[in-house]
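Position chain B with the ligands relative to chain A; hints supplied.
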Amino acid sequence: MPAFLESAPESLAESPVVKSGTKLVLVGNPNVGKSAFFNHFSGLYVDVSNFPGTTVEVSHGVFKEYNVYDTPGIYGVSSFNDEERVARDTVLGADVILNVVDSTNLERDLFLTLQLIDMNFKMVVALNMMDALEDAGLEIDVNRLSVLLGVPIVEVVATKRLGFDAVEQNLAQASVGKSDRALQIEIEKIASTLSGVPNPKAEALMVLEGDDVVAARHGVAPLDKREEIYVARRNRVNDIVAEVYRQKSALKIGAKFSEALGRWTINPITGLPILLFSLWLIYQVVGVLVAQRVVGHTEVEFGNKRWEPFAKHLFAKITPVTITADILTKDETGDEKTLETKTFVFPNGTLANDAQFQELQQFIDGKDVLQTFKFSQETLWGKMVVIFAGEFGALTMTVTYLLFLLLPLIIGFYLFLAILEDCGYLPRLATMVDRLLTSIGLNGRAVIPIILGFGCVTMATITTRLLQTSREKTIAASILNFAIPCSAQLAVITALLTKAGGEYTLIFAAIILACLVGIGTAVDKILPGKSSALLIDLPPMRLPQASNVLKKTWIKTMSFMKEASPWFFFGALLVSTMQVTGLLEAWVQLFEPITTHWLALPAEAARSFVMGMVRRDFGAAGLYTLDLSPKQIVVSLTVITLFVPCIASLMVLLKERGLREAMTIWFGSWILAFTIGGGVACML
Amino acid sequence: MNILVPLSKVKKGASFIIRRIDDASARTQLLRFGVGEGSTAVCHERLPLGPVVVKHRRQEVALGRDLAEHIWVEQL
Ligand SMILES: Nc1nc2c(ncn2[C@@H]2O[C@H](COP(=O)(O)OP(=O)(O)OP(=O)(O)O)[C@@H](O)[C@H]2O)c(=O)[nH]1
Ligand SMILES: [Mg+2]
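Residue numbers (our numbering), protein chains in the order written: chain A, 22 to 705; chain B, -16 to 59.
Here chain A stands alone, though its shape is the one from the complex (with noise of 0.2 Å):
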């Protein structure tokens, strides 16, 4: 794997493994707090959000003398999905196993529950949720439970911290439980045959259960007594989950309002506002709020008008350079106007000329002032002064870019996607928008990685794999990379959009949305079978919990930034090299038929796609300096956000979807781009 790809946030939570230690292995359903357990245990930070399927591969961390892992939330240990596949090798090669459960979910968790029981794996049992047990109104009797499961069971709140040291405490008391009697007679005939694997016992029930990939590994026909042990193993559940639940009281009033409010995000007559009302509250702190005012102040003002002359008057000190400087003063509406223009030659760089420098100190001095750097490009010292800070500079430019204009925008777009994905309500979009889905070769749990891919289409190609279906991921792959713009992207077109306007805001959204829904029809006509229909659990909608969201959005902000700065200095040494070698001109003149002919665009938003190659946001970024009418920011934009998915992107989609698929997803979005955007110019 290419060393950027290592960098990827879920790859962060690893380190050196213990040799020698216990391997412990935290195993439970989708969205019960796993990866609270072990971002507390590890040390480290894995997602945590309210959804099902938050994690999607296995992470390691280091625990005193424990190898901690945290996997995929299942509801089961077989090789039905992709998250149970990931996590089975994990959970079979245990040496303890800390299974988390959801209190207030017993008779869905017990499941899982006695089937590592019946696996024979040592074991304890954290009882997490407790506060939502309490305002369920709900009670269990955990000794009783701990003398029916047979293993130490405790108490435990993740969020909260609570309960930690007794779990901490009871891993050294881990056990087998009691399982069927009957059950372990024939799981043992089968285990005395199986060799070479840490828990033969576990592998034999597995292959009771009919599990192919575990029973053609021993060589042996797996067996069909899966829905026999299974509908026994549910009975025992029923039977416990009886006997230890009472209801002490009524539900609290907030558990109460966050049924409710369950409620109303799906039915579509309350859930339809509800949508629309999220939306445009992130439109109005994204879009207006942090991309007008925070970004065009930090860009100006830190950026043209206080890093770039920095880092140029540092080169200028021995090149040759034409400096302009404007003294700029604001009128009563906040515009800024030029008052008085200044040009100053130094043949020799500003440190052979002191006078002359000390005089456009004195020009500048104390006023507001926007100063543009010419260098002479005749010596190649005066090209590679180009490269490094002239108008594409990777000093300059990628500085503004990322820090200035970037990091504002990416920090707002993950703050909201922290908050929806932790207070529940994606599942339940899920339910609402199933039925439009089903129309594209989806179902509504597609909706999850598309709204994760307003983050990062490489993250969100990952979390494809919550789908069921190769043939839905495929369509989500396709959806992902050909139409939805990154986070980073969408902030850059948030930002030009409120220049255009409202109506040609909702005329790029309708062409983008109709580009989706083209895209998804077409995959899903070509692609033989059929897509899986909706089978998803909703966990109830909580407040999200500042300490997580803030944290979220600081990891995911800093990881974009380790992920996206090395390209960004990539792009701006490619394209200020082709700038200083005359091949962007040459490559804007050989586009400048498409560009200004088909496009309607000046030529040099050429430029743009040169850096849309290397990352779509970069491309978008480059747009964002041109002079372009409204008509040609909703051309300019369509055209970017169809494009080539950044490098970081293909990669991932290499390594999910394959050659034959990336290919085809990189090279038709050349052609998808200028068709559409051609088609767009053409009727605008």
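In short, the hints are calculated from the structure, not lab data. Hints should not be assumed to be uniformly reliable.
To spell it out: a stretch of chain B is covered by chain A in this simulated footprint if at least three of its residues, at any positions, have a beta carbon under 8 Å from a beta carbon of chain A; those stretches are [claimed, not checked]: (1) 15 to 23; (2) 30 to 43.
Computed list of chain B residues with no C-beta within reach of chain A, every gap over 10 Å [to be verified]: (3) LEU(-13); (4) VAL(-12); (5) PRO(-11); (6) ALA(-3); (7) SER(-2); (8) ARG2; (9) ARG3; (10) ASP5; (11) ARG10; (12) GLN12; (13) GLU57.
C-beta: ideal position from N, C-alpha, C; glycine also.
Leaving out everything else, chain B with the ligands in the frame of chain A:
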């Protein structure tokens, strides 16, 4: 034995017993959720032409329309 209707036809708010699930993979999955043949549940919400949300004790599960048509229940 009472008449069986597909889950997709059950009114919002009505309780029912699940009698038959005609889709093997959904049957195993639902069994693990805690909703098996023979369990009692409530129709929590149903969307026009869309999914049915079933509530079984504290667990809400959303089932696509296609799936709901293959689950046969006895209304209470
Ligand atoms: N009220 C309450 N919420 C909790 C508790 N523990 C975790 N949560 C919330 O439950 C949700 C799921 O937590 P995660 O740690 O992501 O769960 P997970 O088991 O890793 O989920 P998957 O990776 O999807 O399988 C998050 O929104 C947490 O904030 C708890 O003790 N009480
Ligand atoms: Mg997790």
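Hints and how they fare:
1. Counting residues of the stretch 15 to 23 of chain B whose beta carbon lies closer than 8 Å to any beta carbon of chain A gives 4, which reaches the threshold of three, so the coverage claim holds.
2. With a threshold of 8 Å between beta carbons, the proposed coverage of the stretch 30 to 43 of chain B by chain A holds, since 11 of its residues qualify and at least three are required.
3. Distance to chain A confirms LEU(-13) of chain B as a non-interface residue, since its nearest Cβ pair spans about 19 Å, more than 10 Å.
4. With a minimum CB-CB distance of about 18 Å to chain A, VAL(-12) of chain B clears the 10 Å threshold, and the non-interface call stands.
5. With a minimum CB-CB distance of about 13 Å to chain A, PRO(-11) of chain B clears the 10 Å threshold, and the non-interface call stands.
6. Remark: the non-interface label on ALA(-3) of chain B is consistent with the geometry, its nearest Cβ contact in chain A lying 16 Å away (cut-off 10 Å).
7. Interface exclusion of SER(-2) of chain B from chain A stands, the closest Cβ pair being 16 Å apart, more than 10 Å.
8. Separation of ARG2 of chain B from chain A is adequate, the least Cβ-Cβ distance of about 15 Å exceeding the 10 Å criterion.
9. The Cβ of ARG3 of chain B sits about 14 Å from the closest Cβ of chain A, beyond the 10 Å cut-off, so the non-interface label holds.
10. With 10 Å as the threshold on Cβ separation, the claim that ASP5 of chain B sits away from chain A holds: the shortest Cβ distance comes to roughly 12 Å.
11. Remark: the non-interface label on ARG10 of chain B conflicts with the geometry, its nearest Cβ contact in chain A lying 8 Å away (cut-off 10 Å).
12. The beta carbon of GLN12 of chain B is not kept farther than 10 Å from every beta carbon of chain A, the shortest such distance being approximately 6 Å.
13. At roughly 19 Å, the least C-beta separation between GLU57 of chain B and chain A is larger than 10 Å, which holds for a residue marked as non-interface.
The structure is inconsistent with the numbered hints 11 and 12, although it conforms to all the rest.
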